[in-house]
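Engineer: Here is what each chain is made of, one letter per residue.
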Amino acid sequence: MDMPIPDAGILARKAGIVALLQSVLPADAMIHEDRQVKAYECDALTAYRCPPLCVVLPSTTEEVSAVMKLCQEQGVPVVPRGSGTSLAGGALPTADSVILGVARMNDVLETDYGNRFIRVQSGRTNLSVTGAVEDDGFFYAPDPSSQLACAIAGNIGMNSGGAHCLKYGVTTNNLLGVTMVLMDGTVVEIGGAHLDAPGLDLLGVICGSEGQLGVVTEATLRILPKPEGARPVLIGFDSNEVAGMCVSDIIKAGVLPVAIEFMDRPCIRATEAFAHAGYPDCEALLIVEVEGSEAEIDEQLSVITAIARRHDPVELRESKSEEESAKIWLGRKSAFGAMGQINDYMCLDGTIPVTELPYVLRRIGEMSKEYGLDVGNVFHAGDGNMHPLILFDANKPGDLEKCEAFGADILRLCVEVGGCLTGEHGVGIEKRDLMVDQYDPVDLEAQLRVKDVFDPRWLLNPAKVFPLASTERRRAA
Amino acid sequence: MLLPKDEAELGAIVREADGPLWIEGGGTRGPVAARDGVRLGTSGLTGITLYEPGALTLVARAGTPLAEVEAALAAENQRLPFEPMDHRALLGTDGVPTIGGVVAGNVSGPRRIQAGACRDSLIGVRFVDGRGDAIKNGGRVMKNVTGYDLVKLLAGSHGTLGVLTEVSFKVLPVTPEQAVVILPGLSVGQAIAAMAAALSSPFEVSGAAHRPGGDVMLRIEGFAASVSYRAGRLVKLLAGFGPAEILREGVAAMWRDIGNGAQFSGTGQDVWRISVKPADGTAVAARLEGADLLFDWGGGLIWAGVAPGQDARAALDGIAGHATLVRATPETHARLGTFHPEPAPLAAIAAGLRAQFDPRGILNPGRMA
Ligand SMILES: Cc1cc2nc3c(=O)[nH]c(=O)nc-3n(C[C@H](O)[C@H](O)[C@H](O)COP(=O)(O)OP(=O)(O)OC[C@H]3O[C@@H](n4cnc5c(N)ncnc54)[C@H](O)[C@@H]3O)c2cc1C
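Residue numbers (my numbering), protein chains in the order written: chain A, 1 to 477; chain B, 478 to 846.
Source of the hints: derived by calculation from the structure; they are not laboratory data. Mixed in with the good hints there might be a few duds.
As the list claims (entries may be wrong) - Beta-carbon label-pair distances, calculated as ranges: (1) A:Ala326 <-> B:Gly767: 54 to 62 Å; (2) B:Lys482 <-> A:Asp136: 54 to 62 Å; (3) B:Ile525 <-> A:Gly229: 37 to 45 Å.
All residues carry an ideal CB built from backbone N, CA and C; glycine is no exception.
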């Protein structure tokens, strides 16, 4: 993965830049020694690493503003960082950049049940947002699997999703407002506790802009009352096609499950060996979860199981208790860990129209043979967001490159059938060069022009999202 | 009126335009004040281009009548989740609402509190920008974070960033049953408190509205047993607000009237849409004494019918939110502004975006002022 050549002038001025930043920050908010900045050299895409110039950890919006203003004056790139769990290299530093981490900004600023929102500083972790309101019967809906670690800042940066987004939507559908600092230090308030913002939908553009338009320091989030209960059913099939048809039929029947998760045979076998969840050894497995009171759950599950029976499942296991629910989810929740047990893996994130599921799985199987790399599929079937896990051996020369080429082919296949490169992880550096497979030059140009407005000097997270060649002129200017 | 037959022709029209282009879908939100320039209609860009009920996805060209989209969905027992309103009765206009017009205005009805706004169901757009370039963003899948989200930016941009040519939606199944819990005789403050209690319950209220002097109306949708169960639980939960009644007849018409602001049809008042956090509704109502009000979205959306020329925006002084003038004479629109003024830094960003997408300022210029 190419990264731009760091600005030698900035590297040479490091001491001066650090001193300037120190002048606007508390003493303990600056990290600049080589040994210490190494902790920030990568995010969860660990194949790529580069220590930054320095790291700042401000505690207030004012401090963020002062840092940004200085960096703009000095022409120094800034890479915003939440918890660094991006799987796309979204928070990867460049050698000439300042990492601006919001991890210390993790206060709850306001909880308002009457109007159903919570306002937090953006460094607060996803799970602790729900943690702040769950005793009062509320929750924050988007629930990425990384929710224990990832920050709201990164969730907004990537427009993250979760297992329950079929019903509740992703981050952008649950974000009401932000306080954001522009590259020149200007602090803007967008949206708020009311439902729709006036004027152009700037909030919609900021969510998912991968730290390229501004640094979000506070967020107003919609909170929802917790459902009375939830229970899954596990359904096994002997063919991916039939499983795919079953998903379609469930959706058409008018039930709206909170989650429809899908695992294929390689994944089922790996998780069985690892977690012993008692899954059947079949071609495709669905976990469908519904919510409500006991009676409502029974009603919905009876509709779902009736549909499933029409498709002749090899296994149909309806949870009747919390223990049974936990057991059904156990395998799915350990899927990544199980695959990691076998080998190193790369987790992809393309989305496809759900109707293309059988074809795409067949093609992935064929490509797996061509590349000689195993792949398991776990994914959110209700919305077509796939997570193929390609197994490779990081210690074997050439394996990573082979795996990346295979991954790129899968993502191109997703685009070819009408889907997209990334459903929830973001583009980062990982899928940057594939953007041309999804978008024509005019489509990309329209996006670049948005960045021109927010960050005319292209200093915020500049080497991400777009192919380097398409942004070269702007970054150089 | 120019009526391009396809995106290419539209692109050529925009490229060659030497003055303002006034973009019209069905024209149901009233004619633009007569000014210089050319009217540009989307009625040549019609047709549902893709509908996959099993994938909950529908794609249609922008000029497709809303009714055609809704009929196609209804045939498969599905619907647009966000319940777009029909402006005709309110504004005294005729014409045929188009799906592109719905998107350009981010038109969202009562179910917005549960299912999100139009922008939340919108998953892809194609549009021709002010340079004449045909641009796509998003697509036809519901989870997509590939690049910047211009889909949301275009929703509610009222034709000032581009002329929409095609829009894609995530749709939802129609729920088989519905009921309304009615609470009569509450003050505005009590009504907002009752709606807040209902919306803070796990009983999935899909509509919460109140007409001062009238009832609080709480809609429940779903399978039959579930609707009965939840309506019953709500009645118990809200017992402190007085006796409630469960209504099962005429539910659809009731919510159509709420969504369309039917009570303001032909009243001769000016009509405003005010967006605040629900708890601020009481204060706004008090300041708008004498106005005819309708609270939707649990109190977060206030429709206000006021004396012609009155500045209802003044009622928001010191309260976070905004007010849009929906119905008034052109003079009042010009004097008070249709849209709420934005803080300077946001106005600068919006102006910057318009300058990028429409550098000559020819697409509905000033439409969002
Ligand atoms: C095991 C594992 C499971 C995961 N599961 C899921 C999942 O189920 N669903 C899902 O969607 N993702 C998932 N992810 C990906 C990742 O957790 C999300 O992308 C998450 O939102 C990143 O949050 P973060 O705080 O770690 O952000 P970071 O990695 O620090 O940053 C992510 C992006 O946001 C930008 N950013 C950070 N802070 C700010 C700020 N203050 N202002 C503006 N931009 C900012 C960064 O520049 C970067 O581009 C998973 C990751 C792991 C490692």
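Engineer: If a hint holds in the structure, say so; if it doesn't, say that too.
Structural biologist: Structure-based check of each hint:
no.	hint	in the structure
1	A:Ala326 <-> B:Gly767: 54 to 62 Å	59 Å, holds
2	B:Lys482 <-> A:Asp136: 54 to 62 Å	57 Å, holds
3	B:Ile525 <-> A:Gly229: 37 to 45 Å	39 Å, holds
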